[in-house]
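*Asks:* If you're matching them up, the sequences are chains A and B in order.
Each residue of the first sequence is one higher than the one before, starting from 1 at the first, in the working numbering.
Each residue of the second sequence is one higher than the one before, starting from 1 at the first, in the working numbering.
It should be emphasised that the hints constitute simulated quantities derived from the structure, not laboratory data.
Keep in mind the model is a prediction, meaning the values are calculated, not measured.
Even glycine gets a Cβ: it sits at the ideal position worked out from N, Cα and C.
Please note that a few of the clues may not be correct.
Unchecked claim - Cβ pair distances, simulated, as ranges: (1) Leu85/A x Gly267/B: 22 to 32 Å; (2) Ala114/A x Val318/B: 54 to 64 Å; (3) Ala185/B x Arg129/A: 27 to 37 Å.
Here are the chains, one letter per residue:
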Amino acid sequence: MADNAIPVQEPEEHYSEEDAAWEAAQRRGLERDLALAKAHLGLLGVSQEAELLDAFDALESAREMHQAFTSHENRAETRMRELELMEIRESLLFAEEEREQLGLMYEQNGLAEATAQLVLSRADRQIERTKLSLEIQEEALEFWKLIGSRQQLRELEREVRAAEMQVRLLQATQPVETMEAEHEIMAIEEEIAGMEREQVMLMDGDSH
Amino acid sequence: MIPKLWSKTLLALGIPALLLTSSPSVLAQEAQDLRWQASRLEAEKSAVRGVEWLLAAQNADGSWGGPGKPSPSDIFWTNPETHLSWQVATTGLAMTALLDMLGQDGLLSAAQHKQAQASATFAVDFLVTNSIVKRPSEWDTDNTWAYVYGLAAMTRAAKDPLFAKSNRAASIRAAGIDFLTQLMAYQTPSGGWAYYDMEQTTVVPQWATSFQTAVAILGMLDAEAFGWSVEKRRIQIAVNTLTRCRLPDGSYTYSVEAVPAYDAGTGIDNVRGSLSRIQVGNLALWRAKQAGYFASMDLPEAARGLGLLFREHHYLDVARGRPMPHEAYHYNSGYFYFFGHYYAGELLPYLPAQDAKRWAPALIREITKTQAADGSMFDFYMNSYGRPYGVAYGVAALLRARTALSPVYPAKIPER
Numbered sequence: 001m002a003d004n005a006i007p008v009q010e011p012e013e014h015y016s017e018e019d020a021a022w023e024a025a026q027r028r029g030l031e032r033d034l035a036l037a038k039a040h041l042g043l044l045g046v047s048q049e050a051e052l053l054d055a056f057d058a059l060e061s062a063r064e065m066h067q068a069f070t071s072h073e074n075r076a077e078t079r080m081r082e083l084e085l086m087e088i089r090e091s092l093l094f095a096e097e098e099r100e101q102l103g104l105m106y107e108q109n110g111l112a113e114a115t116a117q118l119v120l121s122r123a124d125r126q127i128e129r130t131k132l133s134l135e136i137q138e139e140a141l142e143f144w145k146l147i148g149s150r151q152q153l154r155e156l157e158r159e160v161r162a163a164e165m166q167v168r169l170l171q172a173t174q175p176v177e178t179m180e181a182e183h184e185i186m187a188i189e190e191e192i193a194g195m196e197r198e199q200v201m202l203m204d205g206d207s208h
Numbered sequence: 001m002i003p004k005l006w007s008k009t010l011l012a013l014g015i016p017a018l019l020l021t022s023s024p025s026v027l028a029q030e031a032q033d034l035r036w037q038a039s040r041l042e043a044e045k046s047a048v049r050g051v052e053w054l055l056a057a058q059n060a061d062g063s064w065g066g067p068g069k070p071s072p073s074d075i076f077w078t079n080p081e082t083h084l085s086w087q088v089a090t091t092g093l094a095m096t097a098l099l100d101m102l103g104q105d106g107l108l109s110a111a112q113h114k115q116a117q118a119s120a121t122f123a124v125d126f127l128v129t130n131s132i133v134k135r136p137s138e139w140d141t142d143n144t145w146a147y148v149y150g151l152a153a154m155t156r157a158a159k160d161p162l163f164a165k166s167n168r169a170a171s172i173r174a175a176g177i178d179f180l181t182q183l184m185a186y187q188t189p190s191g192g193w194a195y196y197d198m199e200q201t202t203v204v205p206q207w208a209t210s211f212q213t214a215v216a217i218l219g220m221l222d223a224e225a226f227g228w229s230v231e232k233r234r235i236q237i238a239v240n241t242l243t244r245c246r247l248p249d250g251s252y253t254y255s256v257e258a259v260p261a262y263d264a265g266t267g268i269d270n271v272r273g274s275l276s277r278i279q280v281g282n283l284a285l286w287r288a289k290q291a292g293y294f295a296s297m298d299l300p301e302a303a304r305g306l307g308l309l310f311r312e313h314h315y316l317d318v319a320r321g322r323p324m325p326h327e328a329y330h331y332n333s334g335y336f337y338f339f340g341h342y343y344a345g346e347l348l349p350y351l352p353a354q355d356a357k358r359w360a361p362a363l364i365r366e367i368t369k370t371q372a373a374d375g376s377m378f379d380f381y382m383n384s385y386g387r388p389y390g391v392a393y394g395v396a397a398l399l400r401a402r403t404a405l406s407p408v409y410p411a412k413i414p415e416r
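Build out the structure end to end from the sequences listed, making use of the hints.
*Replies:* Here is the structure:
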């Protein structure tokens, strides 16, 4: 009996005013999204240009630092450390001379021996401290010449390379970002077009 | 030939008519004498005003100065024993100035003379009562100022007619020996003295300065001359120490250094930073040499040192009155001023007459210009000590300069 059964009649689709209002709201939303996506695309162009400029500046700065180090600062730093070493050597010499003169003066005077011994003992310890300081400074200079300056050079080279990579990275990623933004615009435009097509079809149906 | 206008001027000044016919060189000498006379009168007037101020400013206990009116830098670190040290030193100086004034003929009125005698006696009593001064703190050894100027005052009092044969003579001698004994206990291993224990904080301090060592030498020489027992060896060590401080340009290092060195640029250890130390250093070396100690100093060199004081005097002028120690160029302090001028005055009696007369007017000028309307003199804010010690140093120096400008100089130099 299923063949004789009266088919259930589906209600006909009807494009009501409510539907039209909903469609209009949807469209306005999409149009705003489109306007926003276009504005983002404009901003993206400016910010990409600024980022690239910064990256080129950083690269130039890193190259300059590297150049300054190889041409001047490496030598200047070495000389500065040599000067510090010389000053400590002279401090040690002065401390030893002063200790000797104090000893002679105190011995000649023979006054306040307890104070004299204390002063001489502290002068001896001062000499010991200065000797230690001299050793440390000598080691520091050797370290600088053998390792430190190379480390610093490598660090600067790394910074140049990193800056170069940053430039390249930006150059590679920026077109993608631009394409993504353009793609988003296209998608919204397509969605709006689809909505328009659907609306025409529904309106045509209503008129029949 | 003397122009008519000049003749009238000279006559107006009281120059005898006979001079109007004298040679230019005689006239020049007369003009010089007149300038000296005017300078001498200026010194007398200023010294009397200074003494009047001292008499009015004496404390009820016979001392001068005190902890009152501290400046910002005074109020943080002193203690009562510091102030006793400074009071003893200031009182010793003021008493010395009064005795110097009493030794001058006819400067004070009879009433002033009597008042000055009473004041000096009162001051002696204060010093005798306070001849034991303790170390203020582990760092502060200002007690040494009490010892050097207490000793100087007692040797001065002991030989003065006012006290020499008085019933105070024994107590003056005892107090003098007290000061001397304490002073000797503070002679550092380097052979000198100073007023702080800068680095070591030991019973006998380590730091020593050239100028306090020089003042100590002068006190010990006076004590020795007076017959008080001082170890010659200790004096010679101090003289050696002071000699060690002397630099080739004639200046003295501030501190006693194991390796003394000239300060280039704006340092203190050169002539411009040493103007006041030069005078006391040269005086101490000269007097030590005269007393038979091995010391290198001669009078032309001492006179040259005086010349340096007046040639570079503006460095002291700039420093005078500044509240912070060593804040002026070459680390000059305000309190260098009267100290240096006092010992410049003390040098004058030993110099040949032409040198003494040459520099005495400059000394008078540089002291009298500092005198305030009330008669006081001042170079540094230091509680209430600045004016009394300033006046005391100033008056004593003025009186030395006055004597140097005496027409009969050097015949009547009072013995010190």
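*Asks:* Hints first: check each against the structure and report whether it holds.
*Replies:* The hints, checked one at a time:
Checking the proposed 22 to 32 Å range against Leu85/A and Gly267/B shows it holds: the Cβ atoms sit about 26 Å from each other. The beta-carbon spacing between Ala114/A and Val318/B, approximately 42 Å, falls outside the hinted interval of 54 to 64 Å. The given range of 27 to 37 Å is respected by Ala185/B and Arg129/A, whose C-beta atoms sit roughly 32 Å from each other.
Of the numbered hints stated above, the single one contradicted by the structure is hint 2.
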